[in-house]
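Colleague: What follows is each chain in one-letter form.
There are 2 protein chains.
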Amino acid sequence: MSDTETRPLRFAPHLERLPPSAIREICRLVAQPDLRSLAGGWPDPAVFPTDDVRRILDEDLPRHGHQALQYGVTEGLIELREILAREAAREGLRLTVDHLMLTHGSQQAMDLTAAAFLDPGDVAIVGCPTYMGGTGAFATVGAEVVGVPVDAEGIDPDALHRRLRTLAARRRPARVVYVIPNFQNPDGSVLPLERRRALVELADRYGFVILEDDPYGALRYDGAPLPSLAALDTAGRVILARSFSKTISPGLRMAWVAAAPPVIRQLGVIKQYRDSCSGNLAQQVVLGFFRRGLFEPYLERLRVHYRAKRDRMLEALDRHFPRTARWNRATGGFFVWITLPDDLDGEALLQEALRRKVAFVPGRPFHCDGSGRNTIRLSFSQSDDASIDAAVADLGAALRDLAARPRPSLAPVPGTKPKTRTAAKRGPRRAAGPARKPKTRPGRKPAGRRR
Amino acid sequence: MSDTETRPLRFAPHLERLPPSAIREICRLVAQPDLRSLAGGWPDPAVFPTDDVRRILDEDLPRHGHQALQYGVTEGLIELREILAREAAREGLRLTVDHLMLTHGSQQAMDLTAAAFLDPGDVAIVGCPTYMGGTGAFATVGAEVVGVPVDAEGIDPDALHRRLRTLAARRRPARVVYVIPNFQNPDGSVLPLERRRALVELADRYGFVILEDDPYGALRYDGAPLPSLAALDTAGRVILARSFSKTISPGLRMAWVAAAPPVIRQLGVIKQYRDSCSGNLAQQVVLGFFRRGLFEPYLERLRVHYRAKRDRMLEALDRHFPRTARWNRATGGFFVWITLPDDLDGEALLQEALRRKVAFVPGRPFHCDGSGRNTIRLSFSQSDDASIDAAVADLGAALRDLAARPRPSLAPVPGTKPKTRTAAKRGPRRAAGPARKPKTRPGRKPAGRRR
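Sequence lines, in order, name chains L and D. Be aware that the first sequence starts at 1, since it is given in my numbering, and climbs by one per residue. Be aware that the second sequence starts at 1, since it is given in my numbering, and climbs by one per residue.
Just to be clear, a hint being listed does not mean it is correct.
Some chain D residues judged to face chain L by a derived CB distance under 10 Å, without partners named [claimed, not checked]:
| id | residue |
| --- | --- |
| 1 | Pro13 |
| 2 | His14 |
| 3 | Asp58 |
| 4 | Thr135 |
| 5 | Thr140 |
| 6 | Ala152 |
| 7 | Leu226 |
| 8 | Ser278 |
Source of the hints: derived by calculation from the structure; they are not laboratory data. Computed from a predicted structure; not experimentally measured. The beta-carbon is built from N, C-alpha and C at its ideal position, and this holds for glycine as well.
Only chain L is shown next, with the shape it has when bound in the complex (with noise of 0.2 Å):
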């Protein structure tokens, strides 16, 4: 074992269609300890139930640990998929044990139903923009990532209509159509009922499966929960994912997922030659909490936490954004998402605020199409009070000097506008459509809300 080699180590060549990982790279960002990160959308350490999590083993690990340290089903604990199915009925979601599997976070959800669904080059649609772990677990099997346009009210179904029966009529079916319904990552949209009825018929209609990941639909701060895709769904098209890591912890990488017998089957299938069962001690933990009646209560105790340092940001970029910039309301979820004025770039920002040492994340790695170069995103889950105050303090200020600088004109000349991947490497007609318009939501300009 060595660093050099006599021969050059030839990795596949489809890893070449992988996006460079951004999410890699903002993990270096929050990583270093002098800056104030807004960046990443970890849940905050200091909910973290640790005394919970303590007990739950040190109680149960005497009596189930001949379990919880040994292999088990590929699908998960029986006991806990039981538990599983109980709480999802109040939700209207009629699931047995075979509809469910644990999963070694919602990002496994996601391999498998791209490892399920899509061969190499196949289609697979996401919102422009959305989770890059939704677009890269496709393009890591090879698949070819398409983008519809996301605005105010989360994936738009007009656009994705159109972008369906185009790539119908050209014989290269979309198979899997990525969606986060609720306080999608980055831009904290909420799919409305409608839109919700029209992509499960639309999936019916062209016969792909949604990938419905909705790791953030528990932490909702204002107004009433809406049904999931998969609770709409009466032809086993949907499959649902939802994840332990925002609400218990992210340490424990536990998620489930749901969906139609034969396909929880077949990704079981795939599951056994990716990593053979999900952590039976993790499942366990989560086993543990659920027994003991505990999980409601930490989540009303996480949406008042999270609700709080929601309300200091909004507060907060009232207080030091200038009035160019645009903002969602941040109903649930993690984070805040802006709008700079177009001739902005929110990578130039980030430069500018890391010389504050401020952390973000700039939108356009969100953006399968290379668009969005004037959004960035803001998280303010893990910084208290005070942080977010001033880090946001410091970002106005590194907005207004950023703006004030002379700067070449960034606005697209026509003809040169990025294009997805895909058209670029197709030739110009490919994805035209959608490119035409602008990716990014408008934005809402929040009513200030106190508390």
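Once you have looked at the hints, place chain D on chain L.
Modeller: Then chain D, alone, in the frame of chain L:
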């Protein structure tokens, strides 16, 4: 969400290459409570370090909970990688933290290696027989799996060399060769030093990567350890996977992979989109084991425990099995590999054994070319002394019954013997070379060592 579909779901066509999931079938066998199972390669819960795991979490969670419950870098906790690098130095492996990554079981190391080096249709070589987790990982990414004969001393470098030459001449170079050098699952073979050297030289000459899977290396009952292929490699072509599943416990889903830093970086990019990162809670347990100096003494305890079981099984075989069967000595690991007379079928024996409430694993699923019909794998890891003897006695009786029964000849008819799946698909010349030789190792009569 429903069990019915108005349009049938279409899974990705490349999944048709997936072998039937024999591991899942084995798990189902093991799960039947009234069976005496000699089937699964699961460790014995009687020696799970439940108290140690409980104490480590109880003591370390208050201080390290912020880390143990949070996301981590994809490669794993740096403190743990530092310890693993120091441990590896004791066996002549010169590693830094950049050579190491924690994975969810060594199955994940197989999957990541497959994804990093194999495009659909690329060739991966496996031993015949070998563990089907490796074969399945390669097949899942769409690779073509080619078998090379394994004899009593593991994979045969001369046969491998011939196959490599043939493949290279057909411009279908092998990209990955999968090897389990120590106490291979299923046949217990140990690759001698000169074969290890030969494989590493072939890797450099033919430009492939060796995936060295070593879950059982620490469980050696006789003789002295041999250097790993990774320690012999000077060209950065070996990827070594070591698991904590057969030592600390499978419920952690924790293993590590060592490779040249550029390989680790590539595996990390893929893992990011597979499951983001490995569970920090489970890593904290492993870290606690090493920090307290518990690991090495625990290994010694395991060796004593499993060596005694191995001895009981060899004694029982001596006592109860007909002289027409041959088996290995199992100098480490969990398995005794038995070659039945040519005209007996392991799957027919299983049916006979199940009637007597004894389960084991027929050898055929370990052979990617469908051979090995007269082989079976017995595991001694989970049964206690008395049940090993009784189960082997009943199995011996089943074998005598089966042998005494009139049956159609199973001897191969010229021109109709099983081919590799590849050969069957691509025509008679395709993989005919090694298929002409019997694939199964001759086996040895054990010395009947008593303790």
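Colleague: Hint by hint, say whether it matches the structure.
Modeller: Hints, verified against the model:
1. Pro13: Given a least distance of 5 Å, the restraint on Pro13 of chain D holds.
2. His14: His14 of chain D check passes; min Cβ-Cβ to chain L is 5 Å, inside 10 Å.
3. Asp58: Holds. Min distance 6 Å.
4. Thr135: holds, 9 Å
5. Thr140: It holds, given that the least Cβ distance between Thr140 of chain D and chain L is near 4 Å, below 10 Å.
6. Ala152: For Ala152 of chain D, the interface hint is violated, since the closest Cβ of chain L sits about 28 Å away, which is over 10 Å.
7. Leu226: violated, 16 Å
8. Ser278: holds, 7 Å
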